[in-house]
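Just so you know, the protein sequences line up as chains A and B, in that order. Those letters in the first sequence? Residues 1 to 267, by the working numbering. Those letters in the second sequence? Residues 1 to 219, by the working numbering.
Note that these hints are calculated values from the structure, not bench results. Hints may contain errors.
These stretches of chain B come out as covered by chain A in the derived footprint (C-beta under 8 Å, 3 or more residues) [stated by the list, open to error]:
| hint | stretch |
| --- | --- |
| 1 | 5 to 15 |
| 2 | 36 to 46 |
Simulated restraints, written as ranges between beta carbons of each label pair [stated by the list, open to error]:
| hint | chain 1 | residue 1 | chain 2 | residue 2 | range |
| --- | --- | --- | --- | --- | --- |
| 3 | B | Ala72 | A | His188 | 36 to 42 Å |
| 4 | B | Leu163 | A | Tyr47 | 53 to 59 Å |
| 5 | B | Ala2 | A | Gln105 | 53 to 59 Å |
| 6 | A | Thr43 | B | Thr97 | 29 to 35 Å |
| 7 | A | Val263 | B | Ala72 | 58 to 64 Å |
| 8 | B | Glu41 | A | His188 | 31 to 37 Å |
| 9 | A | Trp121 | B | Thr97 | 44 to 50 Å |
| 10 | B | Ala2 | A | Gly238 | 35 to 41 Å |
| 11 | B | Lys83 | A | Leu204 | 51 to 57 Å |
Keep in mind that this is a model prediction, so the values were computed, not measured. No residue lacks a Cβ here, since even glycine has one placed at the ideal position from N, Cα and C.
Listed below are the residues making up each chain.
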Amino acid sequence: MAMFMQQQTDDSSFKKNMLFRGQQDQSSALPSVGFVPAKSPTTHTQYPYVTGSSVLGIKYKDGVLIAADCGGSYGSTLRYKSVERLKAVGKSTVIGASGEISDFQQIMRYLDELTLKDKMWDDGNTLGPKEVHNYLCRVMYNHRNKFDPLWNTLILGGVKNGVKYLGMVSMIGVHFEENHVASGFGNHLARPIFRDEWKEDLSLEEGILLLEKCFRVLLYRDRSAVNKLQVANITAEGITISKPYALRTEWEYKAFQNPTQGVEGSW
Amino acid sequence: MAYWSPYDNNGGTCVAIAGSEYCVIAADTRLSTGYSILTREHTKMCQLSDKCVLASSGFQADIRALQKNLDARHQIYQHQHNKKMSCPAMAQLLSNTLYYKRFFPYYAFNVLGGLDNEGKGCVFTYDAVGSYERVGYSSQGTGQQLLMPVLDNQLQSASPLLLPSKESATPLSESEAVDLIMDIFASATERDIYTGDAVEIVVVNADGIRREVADLRKD
Chain A
1 MAMFMQQQTD DSSFKKNMLF RGQQDQSSAL PSVGFVPAKS PTTHTQYPYV
51 TGSSVLGIKY KDGVLIAADC GGSYGSTLRY KSVERLKAVG KSTVIGASGE
101 ISDFQQIMRY LDELTLKDKM WDDGNTLGPK EVHNYLCRVM YNHRNKFDPL
151 WNTLILGGVK NGVKYLGMVS MIGVHFEENH VASGFGNHLA RPIFRDEWKE
201 DLSLEEGILL LEKCFRVLLY RDRSAVNKLQ VANITAEGIT ISKPYALRTE
251 WEYKAFQNPT QGVEGSW
Chain B
1 MAYWSPYDNN GGTCVAIAGS EYCVIAADTR LSTGYSILTR EHTKMCQLSD
51 KCVLASSGFQ ADIRALQKNL DARHQIYQHQ HNKKMSCPAM AQLLSNTLYY
101 KRFFPYYAFN VLGGLDNEGK GCVFTYDAVG SYERVGYSSQ GTGQQLLMPV
151 LDNQLQSASP LLLPSKESAT PLSESEAVDL IMDIFASATE RDIYTGDAVE
201 IVVVNADGIR REVADLRKD
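Same shape as in the complex, but just chain B (with noise of 0.2 Å):
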């Protein structure tokens, strides 16, 4: 008997790093249904505002809808009160929509990553529920599992469970982020199927928003 879900995971991998001036987001651009790949160009980034890029993994189309949704709440918010919306508040916003499905949740795996109102890089991790926190590096995905034990080795962040507590923001340049998410990137493709074609990176730092695309292996 034919069957259907509601859901797929439609795989990759995304991943921020937050400077004190800087963040970078990036995710990968292979769109894949079981060991199918549909389309190698997917971009699973979406710039919700100047300072505040979203990266999803999971399911395309609930990702879609939840990008359409903030970007609609985004509109009202400029509308109301004449500025856009900063990051933080952001992050509290996609953590309310996704806590308003919690009982038909968006399939969707987030990092968002931008400027906070000092200026300094921020990354907020989530579950698809809408449990958030507030982090100095973070990836999601399928590739998450062979990413993060890199970046907690490489990236040098004072442990969050330090009192009084200490900066997460990570202590590498702008340039050194970027080399490492790269490396990252073709490291999880080596592995991960669902990771791979090529990655997005983008940079939000005082300048504005930089995007520059790197390929990866394609099998």
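The shape of chain A in the complex, shown without the other chains (with noise of 0.2 Å):
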């Protein structure tokens, strides 16, 4: 019956078919059902192939700050180092993902046609950092009810109508907004920094030495993060986003020549 059923796509697939049930009625011993096995299930994108590591994220007293840094892993190879994991999206948001760096150009391209058919209306609204969340959720969460997700945690920020504004939705729809967020590492790493050393009125330059504090803290830590980073800003004037820059780092630290001295039992 199952034969029957299955839909025809291909020429090649078809004489496969036909030549099983060929085999099928030769045996004697089994039953002349037409048995085809069941299409198996795509598995290629249940995994992630090229994956970008942190982006941090934090309010301050004009606008929103994130930061991101522009290594693309494949598994624990540094294989891109020049990867934009910052987008702007319209004039007052900016998005960070970590994550599938592939799902991400596909969740920018849905996005591309969201703001693109918004703007055919003419009518002077734009859509704000809400707006676009709110989209991001139902993109993250109805992926996840295909078992198709999109591998990235989103990070999400703006400003509209003075109102500043930042959230993070992860691979299966997890949502919520914060006046900090980091996703991957970031969230084991830099969160404990952001609750000792975050507030409201953070000036911009404040701000961004949180950042970069932060992302020194996961350079030394985080094996995929990459020393050379970018930061958007975003305001009430409009988006900035940083070209790709270097923090200063220090490796001579006695300590760091031989980590294990001193510690019983270890090479």
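Using the hints, put the two standalone chains together into the complex.
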């Protein structure tokens, strides 16, 4: 029965099925039920290939700051070193993505289509960060419902009508708003620092310094982090995404030279 | 190999207590994943009508989808009937909505509280696929095992096994019920890592809906 119900999509699969049925017919030991193995589900979208590391975001006095590095890892290989993981959507929103880079690029195509269609109304209305966040939550959740997730954690920030907005969506659709957010390793290493040092009236300089401090920690502790980062600044005036730049690091600490010295039983 | 699951348990505890003319519904505000806290200020409550509040723990994305679904269904109901849905009607709708996804369930554990058609406090408690029961008090979520025996002990409700059946609403006063909730949440926070940060308490009575927030341990 399954055989008749299966759709014949192309010639080769048809031939394969015919061949299979032919073999079945020859076997007298087996009942001649047309057994066709079920089409195996798509699996290549079930795990990530090229992934980006942490993204950090904070609100500050005049707007929102989001930072990400430019690395793209192929498993544990640092395969790409100039990936832009911060993108502007419309005039008031920036998205930062960790996770699968190609899925992020697909998400940006969805958003380009969304903003284009919205612009075509020509009613002077634009999508703000809240609307974009809501849309992304639905996109991520609907993909997980189809068992074909977009393998990303997205961080999204913006300012519209004088209101700052910073939120996050995970690959299965978990979402929330916060004053400071971080994806991936950042949730373990950066957010405790944010909780200690973040305050509502941080100046732009203080905000960038705080993000850089957290990134330096990530750089030292997260092997897939790269010393080449971008910071996006979203204010009521508009969006600026910085050129990639490096942080000053210090590797000459004595403890780094023989990290296991004095640890009993280690190499 | 990287692995994914369509579900997560974002934790949290929900409680509701019905009195003869009030209902108290409460939930903590912590949102977690694994051993990490995502945010300390995430409400698990959803006001579905002026007499009906839903508190849910489980998978946050499913909970949000469920709340939006119920909100939309309630909007349609209001357009069709020119009135708000009663709490027992909402309870049945929630059950049907959960069972509709029986074979890919909403991972949501709900307590629905409010006032019934006579103005009495009512609490409905659910499992993820829609089995439900009207009770005098209930709790759901990660702190359920810690709270439930304390509620059993403190609320002095009549046993549901008594025949003829007695009313299940607690004889406690409204303020006593609120105090009890603050205490049990403080206790659950001591032992349950998924419960903490703050407890949001909503009281529904003849005067309307009142909301208060009390701090809990943040560790």
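Against the structure, the hints:
{"no.": "1", "hint": "5 to 15", "result": "holds (count 5)"}
{"no.": "2", "hint": "36 to 46", "result": "holds (count 5)"}
{"no.": "3", "hint": "B:Ala72 <-> A:His188: 36 to 42 Å", "result": "37 Å, holds"}
{"no.": "4", "hint": "B:Leu163 <-> A:Tyr47: 53 to 59 Å", "result": "57 Å, holds"}
{"no.": "5", "hint": "B:Ala2 <-> A:Gln105: 53 to 59 Å", "result": "19 Å, violated"}
{"no.": "6", "hint": "A:Thr43 <-> B:Thr97: 29 to 35 Å", "result": "32 Å, holds"}
{"no.": "7", "hint": "A:Val263 <-> B:Ala72: 58 to 64 Å", "result": "59 Å, holds"}
{"no.": "8", "hint": "B:Glu41 <-> A:His188: 31 to 37 Å", "result": "20 Å, violated"}
{"no.": "9", "hint": "A:Trp121 <-> B:Thr97: 44 to 50 Å", "result": "33 Å, violated"}
{"no.": "10", "hint": "B:Ala2 <-> A:Gly238: 35 to 41 Å", "result": "37 Å, holds"}
{"no.": "11", "hint": "B:Lys83 <-> A:Leu204: 51 to 57 Å", "result": "52 Å, holds"}
Going through the hint list in order, the structure does not satisfy hints 5, 8 and 9.
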